[in-house]
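Keeping their order, the protein sequence lines are chains X and H. Sequential numbering from 85 applies to the first sequence in my numbering. Sequential numbering from 4 applies to the second sequence in my numbering.
In short, the hints are calculated from the structure, not lab data. By construction, the Cβ of each residue, glycine as well, lies at the ideal position given by its N, Cα and C atoms. Any given hint could turn out to be false.
Over 12 Å on every C-beta distance to chain H, these chain X residues come out as not near it, computed from the model [claimed, not checked]:
| # | residue |
| --- | --- |
| 1 | L95 |
| 2 | K97 |
| 3 | T99 |
| 4 | F104 |
| 5 | M116 |
| 6 | S151 |
| 7 | T170 |
| 8 | R191 |
Here are the in silico distance ranges between beta carbons for each label pair [as the list claims (entries may be wrong)]:
| # | chain 1 | residue 1 | chain 2 | residue 2 | range |
| --- | --- | --- | --- | --- | --- |
| 9 | X | R98 | H | D42 | 26 to 32 Å |
| 10 | X | R98 | H | T21 | 49 to 55 Å |
| 11 | H | N58 | X | I161 | 36 to 42 Å |
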Amino acid sequence: DVKVTQSSRYLVKRTGEKVFLECVQDMDHENMFWYRQDPGLGLRLIYFSYDVKMKEKGDIPEGYSVSREKKERFSLILESASTNQTSMYLCATGGTYYEQYFGPGTRLTVT
Amino acid sequence: RKEVEQDPGPFNVPEGATVAFNCTYSNSASQSFFWYRQDCRKEPKLLMSVYSSGNEDGRFTAQLNRASQYISLLIRDSKLSDSATYLCVVNMRDSGYALNFGKGTSLLVTP
Chain X
85 DVKVTQSSRY
95 LVKRTGEKVF
105 LECVQDMDHE
115 NMFWYRQDPG
125 LGLRLIYFSY
135 DVKMKEKGDI
145 PEGYSVSREK
155 KERFSLILES
165 ASTNQTSMYL
175 CATGGTYYEQ
185 YFGPGTRLTV
195 T
Chain H
4 RKEVEQDPGP
14 FNVPEGATVA
24 FNCTYSNSAS
34 QSFFWYRQDC
44 RKEPKLLMSV
54 YSSGNEDGRF
64 TAQLNRASQY
74 ISLLIRDSKL
84 SDSATYLCVV
94 NMRDSGYALN
104 FGKGTSLLVT
114 P
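With the hints as constraints, model all of the structure from the sequences given.
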């Protein structure tokens, strides 16, 4: 089975803090993705990566950056957290036929 | 990016009922299609891929109509445990490996 893990299930941060969310997969997949999910808005793609050190912007990259130094690890960085970044953050890895497998999510609250 | 549209529901059905969900997608060049299931406050999980010829997995049947650009999911003999949100998901050819997610259809199966 594909295993995708995320560093925290729940996180509370203050406005202006730098926040790191980490995602690790054990399936040797090349493609990894970061989404956020908000009520009524569905899943929205923030960034994705096709390979180590490669990244592509998704639909809502503003206020976020990413890092992929190793194939199995994809990090999402909130440079200066704001209250409108309170959300559920989901990492996913991409399979051979475009299907994606999700980690358990990090529920981030910015106060 | 193009959209995937679903009826948000909720669909409230008694145990044992048959229920059908539809979704439409806007890009005729789309190539891969999926249904995901998401339980409350959990990550989306792949329920099944959708093939051009239609496919079945136990009580679940998925169908694709490329000409009309819609996808359907039929659940027979509904169980209480089927209560969840069902997400229609499409890969658009011009978005590489990224997926477009519908906002989901909520199903509640009652005793």
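Minimum Cβ-Cβ distance from X:L95 to chain H exceeds 12 Å: It holds; X:L95 is separated from chain H by about 15 Å at its closest Cβ, greater than 12 Å.
Classify the label on X:T99 as holds or violated, using whether its beta-carbon is more than 12 Å from each beta-carbon of chain H. holds, 24 Å
H:N58 and X:I161, beta-carbon distance inside 36 to 42 Å? Between H:N58 and X:I161, where Cβ atoms are some 40 Å apart, the hint holds.
Measuring Cβ to Cβ, find out whether X:M116 lies farther than 12 Å from everything in chain H. Nearest chain H Cβ is 10 Å from X:M116, so the label is violated.
Take a quick look at X:K97 and tell me if its Cβ sits farther than 12 Å from every Cβ on chain H, holds or violated. Given that every Cβ of chain H is farther than 12 Å from that of X:K97, nearest at about 20 Å, it holds.
Say whether it holds or is violated: X:R191 keeps its Cβ farther than 12 Å from all Cβ of chain H. Non-interface label on X:R191 violated, nearest chain H Cβ at 8 Å vs cutoff 12 Å.
May I ask you to check that X:T170 keeps its beta-carbon over 12 Å from the closest beta-carbon of chain H? At about 15 Å from chain H, X:T170 clears the 12 Å cut-off, so the statement holds.
Would X:S151 pass as off the interface with chain H, using Cβ distances and a cut of 12 Å? Fine: 19 Å to the nearest Cβ keeps X:S151 off the interface.
Regarding X:R98 and H:D42, is the given constraint of 26 to 32 Å on their beta-carbon distance met? With Cβ atoms ~31 Å apart, the hint holds.
Could you check that no beta carbon of chain H comes within 12 Å of the beta carbon of X:F104? holds, 20 Å
Note whether the CB distance of X:R98 and H:T21 lies within 49 to 55 Å or breaks it. Distance hint for X:R98, H:T21 holds at roughly 50 Å.
The structure is inconsistent with the numbered hints 5 and 8, although it conforms to all the rest.
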